[in-house]
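Quick note, the sequences are listed as chains A and B, same order.
Residues in the first sequence are numbered from 24 upward in steps of one, following the numbering used here.
Residues in the second sequence are numbered from 2 upward in steps of one, following the numbering used here.
Since the hints were derived computationally from the structure, they do not count as laboratory data.
From a predicted model like this one, the values you see are computed outputs, not experimental measurements.
Just so you know, not all the hints are guaranteed correct.
[Stated by the list, open to error] Distance condition first, Cα-Cα at most 25 Å in a straight line; then the derived DMTMM-like pairs of lysine to aspartate or glutamate:
1) LYS94(A) x GLU24(A)
2) LYS71(B) x GLU45(B)
3) LYS74(B) x ASP82(A)
4) LYS4(B) x ASP82(A)
5) LYS125(A) x ASP79(A)
6) LYS125(A) x ASP27(B)
7) LYS125(A) x ASP56(B)
8) LYS4(B) x GLU85(A)
9) LYS105(B) x GLU93(A)
10) LYS40(A) x ASP61(A)
11) LYS80(A) x GLU62(B)
12) LYS80(A) x ASP27(B)
13) LYS105(B) x GLU85(A)
14) LYS4(B) x ASP61(A)
15) LYS125(A) x ASP23(B)
16) LYS41(A) x GLU85(A)
17) LYS94(A) x GLU45(B)
18) LYS105(B) x ASP61(A)
19) LYS92(A) x ASP61(A)
20) LYS17(B) x ASP87(B)
21) LYS125(A) x GLU62(B)
22) LYS125(A) x GLU18(B)
23) LYS17(B) x GLU62(B)
24) LYS41(A) x GLU93(A)
25) LYS105(B) x ASP82(A)
[What the hints assert, rightly or not] Which bits of chain A does chain B cover? Going by a derived footprint, with three or more residues having C-beta under 8 Å, they are:
26) 58–65
27) 74–84
Backbone N, C-alpha and C define an ideal beta-carbon position, used for all residues, glycine too.
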Amino acid sequence: EAQVTQNPRYLITVTGKKLTVTCSQNMNHEYMSWYRQDPGLGLRQIYYSMNVEVTDKGDVPEGYKVSRKEKRNFPLILESPSPNQTSLYFCASSLSGRTALKLGTQYFGPGTRLLVL
Amino acid sequence: AQKITQTQPGMFVQEKEAVTLDCTYDTSDPSYGLFWYKQPSSGEMIFLIYQGSYDQQNATEGRYSLNFQKARKSANLVISASQLGDSAMYFCAMSFGTALIFGKGTTLSVSS
Chain A
24 EAQVTQNPRY
34 LITVTGKKLT
44 VTCSQNMNHE
54 YMSWYRQDPG
64 LGLRQIYYSM
74 NVEVTDKGDV
84 PEGYKVSRKE
94 KRNFPLILES
104 PSPNQTSLYF
114 CASSLSGRTA
124 LKLGTQYFGP
134 GTRLLVL
Chain B
2 AQKITQTQPG
12 MFVQEKEAVT
22 LDCTYDTSDP
32 SYGLFWYKQP
42 SSGEMIFLIY
52 QGSYDQQNAT
62 EGRYSLNFQK
72 ARKSANLVIS
82 ASQLGDSAMY
92 FCAMSFGTAL
102 IFGKGTTLSV
112 SS
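Same shape as in the complex, but just chain B (with noise of 0.2 Å):
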């Protein structure tokens, strides 16, 4: 079955350091979305990067890249020079056929 698996609750980093949050996932389809959603206590779901299974690259947005290591099955979100406005939840999430599942999120805090 299908899992995805964000191991560490919280994260603590100061302004302008990077940051890196853990997402592992299981699946036996070879094809796959890998995701990050960023939930600021507003609580509204803001889309931020996608990886697909068969990307030979590594995918990058601004601040975010994406550390995909397929045969390890994991996705960690790399945030570089962290700011004060990405304190946050974020979701590691995958597709698989016509079904998105989220991981449970870290929280992340942002200290100046």
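Only chain A is shown next, with the shape it has when bound in the complex (with noise of 0.2 Å):
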């Protein structure tokens, strides 16, 4: 089944201690991005990645890193979390970035609900 999975589902942290979200995706796309929905305010896109080795800033990428070492997975690391990145987060990927259609139809992961104390 085509799909986008993401690890952990729910996730209670504290302040500064690091985390990685995991993403991965079996759609052999190339196109793999981050969101954060915070409600009123819609869903904010982090980072995205092109292709493998190619990442670039969205519109919120303050605190997050991000790396794409293989196709399929796209980690998102917080480094220090502040309660400020509570929230709820989306990985999504797109069979290409390269075409306005292909960059926008994209397949959404089932959300990791993240609360920093």
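Put the two chains together into one complex, using the hints given.
Spelled out as structure tokens, the structure:
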């Protein structure tokens, strides 16, 4: 089954404790992206990757890191989480970022709900 | 700068009625894509429909259609014959270059 998986689905942590949220897709997609969703703000793009070893900042990259060493995986790293990073996080992938249609037709993971105390 | 605006925080409609969800956008780039996504209460994001900036005809997908008015920079979603299962949050999004930006969403409630 074609899917994007994220782990963990729920996470409670404390300020400053490094954490990683994993994301994996099995569709051989080139483009992958991370978003955060906050009430009243919609989804905002954190980082995206056009392909292996190619990553770029989205609208809200501060406090986050990503890597794309393999095509299928795109982990999100919070080196020193803070309470303002409490949010719902989505990983998404699409066939390619080279055309508007392919870029925007994204498959989303189930989301990771993060609480930073 | 690119921007997507959804001005309706919530909409209410009865079953079998049609409903229009508003979306306006701002960009100076001539090439872009417009999308609508649905987010049910279970939380997943579901792609609904796409409109390219150069497309002459409005996009349709089953009961969904996108009313694209380029000069007014609007891309409203029309849902015909609403069903209870249409109750969800709906997001308008725009692709430009290699990024995708979303509006803040509209919550649609369908009642019987």
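Hints and how they fare:
{"no.": "1", "hint": "LYS94(A) x GLU24(A)", "result": "18 Å, holds"}
{"no.": "2", "hint": "LYS71(B) x GLU45(B)", "result": "30 Å, violated"}
{"no.": "3", "hint": "LYS74(B) x ASP82(A)", "result": "22 Å, holds"}
{"no.": "4", "hint": "LYS4(B) x ASP82(A)", "result": "12 Å, holds"}
{"no.": "5", "hint": "LYS125(A) x ASP79(A)", "result": "18 Å, holds"}
{"no.": "6", "hint": "LYS125(A) x ASP27(B)", "result": "21 Å, holds"}
{"no.": "7", "hint": "LYS125(A) x ASP56(B)", "result": "15 Å, holds"}
{"no.": "8", "hint": "LYS4(B) x GLU85(A)", "result": "20 Å, holds"}
{"no.": "9", "hint": "LYS105(B) x GLU93(A)", "result": "32 Å, violated"}
{"no.": "10", "hint": "LYS40(A) x ASP61(A)", "result": "22 Å, holds"}
{"no.": "11", "hint": "LYS80(A) x GLU62(B)", "result": "32 Å, violated"}
{"no.": "12", "hint": "LYS80(A) x ASP27(B)", "result": "21 Å, holds"}
{"no.": "13", "hint": "LYS105(B) x GLU85(A)", "result": "20 Å, holds"}
{"no.": "14", "hint": "LYS4(B) x ASP61(A)", "result": "17 Å, holds"}
{"no.": "15", "hint": "LYS125(A) x ASP23(B)", "result": "23 Å, holds"}
{"no.": "16", "hint": "LYS41(A) x GLU85(A)", "result": "15 Å, holds"}
{"no.": "17", "hint": "LYS94(A) x GLU45(B)", "result": "23 Å, holds"}
{"no.": "18", "hint": "LYS105(B) x ASP61(A)", "result": "9 Å, holds"}
{"no.": "19", "hint": "LYS92(A) x ASP61(A)", "result": "29 Å, violated"}
{"no.": "20", "hint": "LYS17(B) x ASP87(B)", "result": "11 Å, holds"}
{"no.": "21", "hint": "LYS125(A) x GLU62(B)", "result": "17 Å, holds"}
{"no.": "22", "hint": "LYS125(A) x GLU18(B)", "result": "32 Å, violated"}
{"no.": "23", "hint": "LYS17(B) x GLU62(B)", "result": "17 Å, holds"}
{"no.": "24", "hint": "LYS41(A) x GLU93(A)", "result": "22 Å, holds"}
{"no.": "25", "hint": "LYS105(B) x ASP82(A)", "result": "14 Å, holds"}
{"no.": "26", "hint": "58–65", "result": "holds (count 4)"}
{"no.": "27", "hint": "74–84", "result": "holds (count 3)"}
Checked against the numbered hints given earlier, this structure breaks hints 2, 9, 11, 19 and 22; the rest are met.
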